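Visitor: Dock chain B against the given chain A, drawing on the hints supplied.
Line order of the protein sequences matches chains A and B.
Under our numbering, the first residue of the first sequence is numbered 132, with each subsequent residue one higher.
Under our numbering, the first residue of the second sequence is numbered -5, with each subsequent residue one higher.
Hints in this document: simulated from the structure, not taken from any laboratory.
Careful: at least some of the hints might be erroneous.
Claimed, not checked - Label-pair distances were calculated between CB atoms; the ranges are: (1) A:W263 with B:I92: 57 to 63 Å; (2) A:I246 with B:N297: 43 to 49 Å; (3) B:L192 with A:Q323: 48 to 54 Å.
As the list claims (entries may be wrong) - So these bits of chain B aren't anywhere near chain A, every CB distance computed over 12 Å: (4) D10; (5) I16; (6) Q135; (7) T252.
Claimed, not checked - Here are the simulated DMTMM-like pairs of lysine to aspartate or glutamate, each with C-alpha atoms no more than 25 Å apart in a straight line: (8) B:K123 with A:E403; (9) B:K87 with B:E173; (10) B:K144 with B:E254; (11) B:K144 with A:D310; (12) B:K123 with A:D250; (13) B:K123 with A:E224.
Being a predicted model, the structure only gives us computed values, none of them experimental.
Built from N, CA and C at the ideal position, the CB exists for glycine as well.
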Amino acid sequence: MSELWFFFEVLLSGMFAGTMYSLVALGFVLIFKASGVFNFAQGTMVLFAALCFVGFLEMGLPMVVAALIAIAIMVAWAFTVERLVLRHLVNQEPIILFMATIGVSFFLEGFGEFIWGGDVHPLNVGIPDDAWFVGPDGAMMIQQFDLSAAVIAGLLVTVLALFFHYTRIGRALRAVADDHQAALSVGIPLNQIWVIVWSVAGFVALVAGIIWGSRLGVQFSLSIVALKALPVLILGGFTSVPGAIVGGLIIGAGEKLAEIYIGPFFGGAIEEWFAYVLAMFFLLFRPQGLFGERIIERV
Amino acid sequence: MFYREAGIFKTSYASDQALFRIPLDRLFVIGVVAAAYLVVPFVGDQYWLGSILLPSLILSIAALGLNILTGYCGQVSLGTGAFMAAGAFMAYKFASNITWLPIPVVIVLGGLCAAAIGVAFGLPSLRIKGFYLAVTTLAAQFFLLWLFQKIPWFVNYSIAGVPTAPPREIFGILVTGAEASPAARYLFVLTFAVVLALVAANLVRGRIGRTWMAIRDMDIAAELIGIKPLNTKLSAFAVSSFYCGVAGALWSFCYINTVEASAFDIFRSFMVLFMVIVGGLGSILGSFLGAFFIFLLPIGLNNAVTTFGLPIATETITYIEFMVFGALIVFFLIVEPHGLARLWQIVKEKLRLWPFPY
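For reference, chain A alone in the conformation it holds in the complex (with noise of 0.2 Å):
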């Protein structure tokens, strides 16, 4: 019986594990929707964000005031990559693109550290560190922290649903990601919904690196971390919110379960691949992911 509860013990973790690279996977998804372009950086993002908000802190400043300044910061980048990087790229394919963020990446993660340093920053925003035990004499053990990084990514995706749904700015975005063209042609700048749709990615990003950052502290392996948002992602399919969420509940579950059920078969550590594996065997048969749109190719 006690195992059954250990299955689940690993299931949900693994779960809560997944809304966290889910998180990522949002702020992927955002940029691709809205612009086509298949953001690399965004895992740097993650670290550059939560090495902001850890740099201000640790000067003294109020964690509200930390967050705004970080925001502000993630804002201004957005704008920076608009304008130096977007804006000469345009009409150019998407895999020049994509490279262009690589680039893009490697500058951020260089900047970052080189105004911050490359030590490890512990971070505790105060996120209940405590673990529940439920089922019969304690059987099941629920980490409080997992459950609340849930709430809070859950409550992301909630909000930002709502932000495409039923506000004007949320409506041009899907339009924009519909067709580049119409979109303009009634009069949507382009060049500045790109700004926005990128601060909003950075803004995920922030609350994804302080959440990242609470638990294993604000460090360089952090966008490493964050590239298992990319199985993520293609699980789910690239155009999709929905998908990024279940992408990652299955990715995360997928992952532990396999680390302590098949794992000590082949000596461990099979968590670092185990994610791209299973999102490859997927793809081929369902390449557009789970929630994606089929792609419909023409000559």
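Guide: Only chain B this time, still in chain A's reference frame:
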């Protein structure tokens, strides 16, 4: 004036289809290769040969491989490091278990094994395109490196887990391992680079290269004119991984002298991708230019800091390196998407009129 295409009359099919149709081009390439063989080993010192030219040449081979896949066939790969690792580890297995095999055969066998693995990981490319494919190559990167680290069979159950490259000789001269002289290792690697570059140049202008480019430019249209995506994409993956495998084997055997997975991490994959972008997508020459440029840039930065005596900490230089790399990539993609190779072409066009412009 001196460099021109006009006035060169081709009187046979052979001369019409030669690799370098302009005599000056041919002379230039032969001259560079001859200098690399006959002058450089005697002029260059230990540091230049062993720590600058050797790794640059090896990385050129890897860049050549990725350029075939990404530049010519249009399939983005972030798993170059893994294919290099495959070449290195399999070459090590061959070298240590079949000791009588000559070392060039060992390296080529390592490359062939990498090619087989590349084909396996290229299979998804038949259904998946673009970014999706880029992400699945990350699967190769993480999975293969994990495999080589976790399965002791690959390192012959060596206890330390990081075996040293076995010393091997050609014509009685050591070319691999720590004891080999830099000049011998340099010549060994140079031979591989020259031969592989020649093969690549001929492949991409032949039938197979044209099918690659057709798939790159528009895969559906290519399919309609009768190009089989299966053969084309998988052959690109095979050839590309072969090159990467050879590069990885050389990297382990001739440069770092140990066979370890950490030398081929994801950072290496990005480096090679940068070399291809900066050098020029779809250019043989570009692969070499890009590799030398990206490899020498951090060294140049470091030297600049020490010669000017700037008070900058070592970590800070690393961060600046990252920033410069990133900025360069963006700069090249915006200003010159065809990379350094295109700049060279522009120079050649200018040379046509030099020194007597209109």
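Visitor: Take the hints in turn and mark each one as holding or not.
Guide: Hints and how they fare:
{"no.": "1", "hint": "A:W263 with B:I92: 57 to 63 Å", "verdict": "59 Å, holds"}
{"no.": "2", "hint": "A:I246 with B:N297: 43 to 49 Å", "verdict": "25 Å, violated"}
{"no.": "3", "hint": "B:L192 with A:Q323: 48 to 54 Å", "verdict": "52 Å, holds"}
{"no.": "4", "hint": "D10", "verdict": "33 Å, holds"}
{"no.": "5", "hint": "I16", "verdict": "31 Å, holds"}
{"no.": "6", "hint": "Q135", "verdict": "8 Å, violated"}
{"no.": "7", "hint": "T252", "verdict": "21 Å, holds"}
{"no.": "8", "hint": "B:K123 with A:E403", "verdict": "23 Å, holds"}
{"no.": "9", "hint": "B:K87 with B:E173", "verdict": "20 Å, holds"}
{"no.": "10", "hint": "B:K144 with B:E254", "verdict": "12 Å, holds"}
{"no.": "11", "hint": "B:K144 with A:D310", "verdict": "48 Å, violated"}
{"no.": "12", "hint": "B:K123 with A:D250", "verdict": "38 Å, violated"}
{"no.": "13", "hint": "B:K123 with A:E224", "verdict": "13 Å, holds"}
Violated hints, listed in ascending order, are 2, 6, 11, 12; each of the other numbered hints is respected by the structure.
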